[in-house]
Amino acid sequence: MRFLQQLFTIFMKDLRLEWRTREAMSAMLLFALLVLVIFNFAFNPDREMVLAIGPGILWVAFTFAGVLGLNRAFASEQENGCLSGVLLTPMDRGAIYLGKWLANLCFTLIAEAILLPFFVLFFNLSLTTEIPPLLLVCLLGTIGFTAVGTLLAAISANTRLREVMLPVLLFPIIVPVIIGAVQSTGLILNHETEGLTSFIRMLALYDVIFLVTSTLLFDFVLEE
Amino acid sequence: MRLERLHTAANVATAIAWGAIVWALYMVFHFVPMERTMGNVQRIFYFHVPSAMVSFLAFFICFLASLAYLFTRRRGLDIAAQASAEIGVVFCSVVLITGPIWAKPIWGIWWTWDARLTTTLVLWLIYVAYLMLRAYLPEGSRKANLAAVVGILGFLDVPVVYMSIRWWRTQHPAPVIMGGKGSGLAPPMSQTLRVCMIAMLCLFIALLLRRIVVELLQDEVDHLYREADVAPPERG
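If you read the sequences in order, they're chains A and S. All residue numbers for the first sequence refer to our numbering, where the first residue is 248 and numbers rise by one. All residue numbers for the second sequence refer to our numbering, where the first residue is 22 and numbers rise by one.
No false leads were slipped in.
Stretches of chain A that chain S covers, calculated by requiring three or more beta carbons in the stretch to come under 8 Å of a beta carbon on chain S:
{"id": "1", "region": "391–405"}
{"id": "2", "region": "417–429"}
{"id": "3", "region": "436–450"}
{"id": "4", "region": "459–468"}
It should be emphasised that the hints constitute simulated quantities derived from the structure, not laboratory data. All C-beta atoms, glycine included, are put in the ideal place defined by N, C-alpha and C.
The following block holds chain S by itself, in its conformation from the complex (with noise of 0.2 Å):
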């Protein structure tokens, strides 16, 4: 049985990434040496990067899932966009909250309307709009629909956001000069990134997995309220 088999990977999924994370703590926490001039904060960024290349991955699903509904129309495209949509927002939330914690004290600011930032803000808002839409539709067969129009749409905004806030930034001096980041990460330093983004991928599957299940099991619950003739009650 379908649902039986996605549960067991759920429970699998799920243990890797509990694994995954230990490990990855222990890298962030304990191997890494710490950074010179950032000092501790610096450790932030094995968080931050991860989380921001989910969530892009899971906006990325969205998109696929939604293109392939409108082609198939099987109702597990449906849960899988709506699922790694609702995933990939959480991510992003941590994007957007652990980017001003490091920023402040090495930038000075908590926040610069530069091109990657404002398009991962953007991002988080077109999504949010994207689940909020979800919430209000009526239940049935167009609301898969109209859902996956908007989660096409929503996606290839993406880069035109992107480039159109860079065009505009290059127009003005940026407030803040960053230097080529990432540009030349110690061995240890990529080692740990490389770990932490196993275990947000882990993670952000063994979420997927199981919130496909949650939603699969809703849908069993609704059609045994049919069969016994009874109105299934509203879905939060």
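Bound conformation, chain A alone (with noise of 0.2 Å):
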């Protein structure tokens, strides 16, 4: 209970501060909205091709937008020594990196629910009974680049360069979620089910792996 507490007050903190600056959503949308429009330029899709590139071009997207949503979340606390004050706290280490985590999971999912009608709108697509499972697929995939994502930037934060440094650590490791999501994206969208539910299995189980080894390494990384 003491930890679904504190867990929900780094949470809060997160939050609040998001709301006051609005820094981290407002460059995450306009990024995003950038790598739709550019993509649109590159590949000046027709009909059938927006089918097979659109779900490629959508995980772009939410992933570059995600990283960038993912370093302002630690270089925030490196800032007038915040971490050490969040860590004098008398906290359980796993419930702070958990808070955090939850707090870039909203962001990213938030920022990707007003992408994604964007998307819809360039890419002339129309949904309806697609929207259910591709918001499921949205959320798994958000949720395993998020977790190694928020381990990493508490990391790369330590380092110079650390904005190159945080996508150059993730996205080798998150090439399993990549994969998983764009495929069963683009299952969802060309209405094919076979095969899904594997994919949607091995995304679900991407989360679970790194969400636990996340949180057991996150100790590590704020020893002094």
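Got two chains here, each in a separate frame; can you build the complex from them with the hints?
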């Protein structure tokens, strides 16, 4: 119970911080929107091509925007020794990690919820029954990359060039998430069901493995 | 003294590696018969496969050393993790370079996104990022901690990457059918392969010991600087 309370405190702290500055959200949204626009110029896709390359474009936009948000999460803690302040509170390290992760997940999901209509609009898709499974895939994929991303952001915040270090560390590790999310999004948009459950199961498995290991390893990241 | 013993061990290992490599070269270019369908280019197999095994071994050692470091906090384990990751990247690069050289004449393509190839590439990317992280982290005890976390996370990711790509690729027809290569290796060929594996392993051990000695000497130099009350120069 205390653990959940601590987790919630950290979560609310990050939400409040973001609400007051709106720095991460606006950067994420604008950047992801730009990705959608640039890819449209790069491929100039017709109706059929959209179904083939659309899922890839969508997930590139999501993950790139996600990295921007994750970078902010610990960059802001580095200023004025905020992280030391958080560490001085009698909190479980696991609760700090999960609280920060939940906040990142929340920001990324909100950004995705705003982006998805733009994606549908720009690429002239008409979604109806596809929406519930698509939302599930977005949720599972985002849990996967923010779980590892929060841990790696805490690490890369200590380096010079932290903005570069995070994607360099993160992208190779989230290859399974990219594959699973892009493939299942593609299957959903093309109204295919064969193989869909195995990709969704793969995403869920990845989420569980990396949430648990990241929670365990986070202890060592914060240690002085 | 530990450093001197390690130094002697590194010298002995280097000498053994020299001998083993000469033996391996003799086996590959003189002893083993020409492969009937692939011709001379097949001989690259004797360097490609042992390098792959040594690089996986190196990354595994990096993982074990990182894990052990987090529990014991011994500087030696941190050095071992770094050294084996560096050497692993070198061997992994050899794998990624020799592979396409063989694939172009045999498969007709340089590269295919098959599970084994893609996993090796992702593995290489993970450990290059790991070494980059080490280079950009400021010196201190936290550096070893943070690097160890990435060393563990990266290694755990490898089987997941492999499984995910296999799943993905079995959804589509594979562009190249890999018939049971290595399933029926002729006796002189498997003998040669064994010798090459031993040679690569000796080379790996020699390089690993050498690298550890260099890092320990570096520590010693830093220590001397501090004793003389002079700030040690920035490590490259």
